[in-house]
Amino acid sequence: MLSMQNISMVYRAGMVETHALREFSLEVAEGDFVSVTGPSGSGKTTFLNIAGLLEQFTDGRYELDGRDVSGLSDTESSAVRNEKIGFVFQSFNLIPDLNLFDNVDVPLRYRGFNAAERKRRIEKVLETVGLASRMKHLPSQLSGGQQQRVAIARALAGEPRFLLADEPTGNLDSHMAMSVMELISEINSNGTTIIMVTHDPVLAEMASRNVHILDGRVSDDHPDIQIAQAATA
Amino acid sequence: MEIGPIWRAMMRNKTGAILIALQIAVTMAIMVNAISIMQERGRVMSRSSGIDEHNIFVITSVGFAEDFNERITIEEDLAMLRVMPGVVNAIQSNSVPLSGGGWSMGLQTEPGAEIEGTGVAIYFVDEHGIDTFGLNLVAGENFDATDITWRERSDTDWPDKTIITRAMAETLYPDDPDGALGKTVYISDTEPLTITGIIEQMQAPWNSWDGVERVMLAPTHTLFGATRYIIRTEPGMRDSLMPQVEELLAERNKNRIVRSMRSMDEIRERSYRGDSSMITILTFTIVLLIAVTSLGIVGLASFSVNRRTKQIGTRRALGASKVAILRYFMTENFIISFLGVLLGAGLTIGLNILMIEAFSLTRIAWYLVPVAMLMLLMVGQVAVFGPARRASSVPPAVATRTV
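Protein chains in written order, with my numbering: chain Y, 1 to 233; chain H, 1 to 403.
The hints are simulated quantities; they were obtained by calculation from the structure and are not laboratory data.
Note that the structure is a prediction, hence the values are computed from the model and not measured.
We put the beta carbon where it would ideally sit given N, CA and C, even for glycine.
Treat the hints with care, as some may be off.
Stretches of chain H that chain Y covers, calculated by requiring three or more beta carbons in the stretch to come under 8 angstroms of a beta carbon on chain Y [what the hints assert, rightly or not]:
#, segment
1, 6 to 20
2, 317 to 326
3, 390 to 397
Heads up, simulated DSS-like pairs for lysine-lysine below, C-alpha to C-alpha not over 30 angstroms straight-line [unchecked claim]:
#, chain 1, residue 1, chain 2, residue 2
4, Y, Lys119, H, Lys14
5, Y, Lys124, Y, Lys136
6, Y, Lys136, H, Lys183
7, H, Lys161, H, Lys183
8, H, Lys254, H, Lys14
9, Y, Lys119, Y, Lys136
10, H, Lys322, H, Lys310
11, H, Lys310, H, Lys14
12, H, Lys310, Y, Lys124
13, Y, Lys119, H, Lys322
14, H, Lys310, Y, Lys136
15, H, Lys161, Y, Lys136
16, Y, Lys119, H, Lys183
Chain Y is nowhere near these chain H residues, computed Cβ spacing over 12 angstroms in every case [claimed, not checked]:
#, residue
17, Glu116
18, Met237
19, Ser277
20, Gly313
Work out the full structure, taking the sequences as your base and the hints as a guide.
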């Protein structure tokens, strides 16, 4: 599903080089729910950006769904993002001037679906996240938890192969966080592969696998979360 | 196309868009009406004066000595000028077209002080007048030497013949302008003149006069103290002959001064200097307005790009290519500009109606409005291209940044 081999990412600012990822290798199988943890500056977000084709890496090889995506053009990587990857961001990243329907519609338009197909998908995913009745509302009229549900609906509308979630509960209170996590778990149980970056060890435990990153490398990889819990203890 | 979502998003944040649309509308209204004024001025300026302008120049001789004999001087000067190599012909006349100064009287088809005459510009010429000005005699005949009279400033008598322009014939005899030849008209209420010739066209000295083509030639030499010679040269000889003629006239008779030598091209340029200045100012105004509008579009689009950097990054993360982002901003501007030019079309016509009523301007040409709409839409697209391109270069990784 996702295979990273010896990925390096070096940011250069003048004479200064920052190694965000160092020979980073990771395999994620279809249907996995992987939580990615690590301290600030460890390379979690860089990993997420590379995994989601939001950034080009400096060295290494990356295969996504059996395809080498190392040297894709901007248009090609945009198409791969649109078709195969769903994003859930920490601050939801909904477009404030668009209602829920139009927000969910954004990736579908880039996909080139016709209006009827888009409408069917939007209504379906908003129904899934329990917000079908509020599709004409603006994001500002919703709570944080509801906004994140809309963001998840937007990520799911294109029926992606896997979902990348960047601190999806970071801006939510514990009650809303649990609600969102339940939704993410449900999505995973329906077969969607999920990679979730989080600081929260409790949320990380909800995944089936935990990958801990330190100094740009995988420091711990627990395929069974029980092992991860034991290691943490 | 994302017109629907773009429109709905714009309607929730519309102040900037409305201001730019209004700016485009006002620019269009002013621009189109200014172009219409320029076209009208251009039409006036490009009217033919009816004479061979490029090969004619004018020079004035003023006698000052007590023993200065004006009549002999005129006769000798003209005799000398007419045989100069490169000179086609020369006359003495009281005025030239476009000069701004000349004579006008009223001509009437019936005698009587109670009858209002039709205003006509008068050029005093001799039998060389038609050839010197390069006029086209379309009916009748030229004056001959025996027709020419000499007129002092205090004289009130008129010769008994005149040649008029076709425009004057049409005004005097609207039902039968071709029948004007041979008719008697009256000047100074009761002085009869027989129309012996009709010339195709000649302009009066005053370019803004509504009867600018109503002209009559009178077979007369004037003894008014200042003598204006009109000299027509072979093509290409005018500029070299001008200093020669000035020098010869000055040397031939020391009892006069020679001054005010100007080519007809220069007289035309001076005559329409105000119109030329107006065209320059209006052109500058149009360019300035378009520049300000373009800057407004650039400003709004740049502000919009800066404000929506995170949103652009999110769109990129969700699958928008660079081209899709570019297209988004271009489309957004197109919608704003289109509303602007639609409103502008209404404003343009409204302003034109006001200007027709207030300043008697002509109606704008039908094609100016659509051409201006297209042009401003293009200006908008060009102006927004830079900011849109900047937007398209926002990396998708911006979506995951928390600050």
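Hint by hint, here is what the structure shows:
{"no.": "1", "hint": "6 to 20", "in the structure": "holds (count 5)"}
{"no.": "2", "hint": "317 to 326", "in the structure": "holds (count 8)"}
{"no.": "3", "hint": "390 to 397", "in the structure": "holds (count 3)"}
{"no.": "4", "hint": "Y:Lys119 <-> H:Lys14", "in the structure": "holds, 27 angstroms"}
{"no.": "5", "hint": "Y:Lys124 <-> Y:Lys136", "in the structure": "holds, 15 angstroms"}
{"no.": "6", "hint": "Y:Lys136 <-> H:Lys183", "in the structure": "violated, 87 angstroms"}
{"no.": "7", "hint": "H:Lys161 <-> H:Lys183", "in the structure": "holds, 10 angstroms"}
{"no.": "8", "hint": "H:Lys254 <-> H:Lys14", "in the structure": "violated, 80 angstroms"}
{"no.": "9", "hint": "Y:Lys119 <-> Y:Lys136", "in the structure": "holds, 13 angstroms"}
{"no.": "10", "hint": "H:Lys322 <-> H:Lys310", "in the structure": "holds, 15 angstroms"}
{"no.": "11", "hint": "H:Lys310 <-> H:Lys14", "in the structure": "holds, 20 angstroms"}
{"no.": "12", "hint": "H:Lys310 <-> Y:Lys124", "in the structure": "holds, 27 angstroms"}
{"no.": "13", "hint": "Y:Lys119 <-> H:Lys322", "in the structure": "holds, 25 angstroms"}
{"no.": "14", "hint": "H:Lys310 <-> Y:Lys136", "in the structure": "holds, 23 angstroms"}
{"no.": "15", "hint": "H:Lys161 <-> Y:Lys136", "in the structure": "violated, 90 angstroms"}
{"no.": "16", "hint": "Y:Lys119 <-> H:Lys183", "in the structure": "violated, 87 angstroms"}
{"no.": "17", "hint": "Glu116", "in the structure": "holds, 71 angstroms"}
{"no.": "18", "hint": "Met237", "in the structure": "holds, 69 angstroms"}
{"no.": "19", "hint": "Ser277", "in the structure": "holds, 49 angstroms"}
{"no.": "20", "hint": "Gly313", "in the structure": "violated, 8 angstroms"}
Hint compliance for this structure: hints 6, 8, 15, 16 and 20 are not met, and every other hint is.
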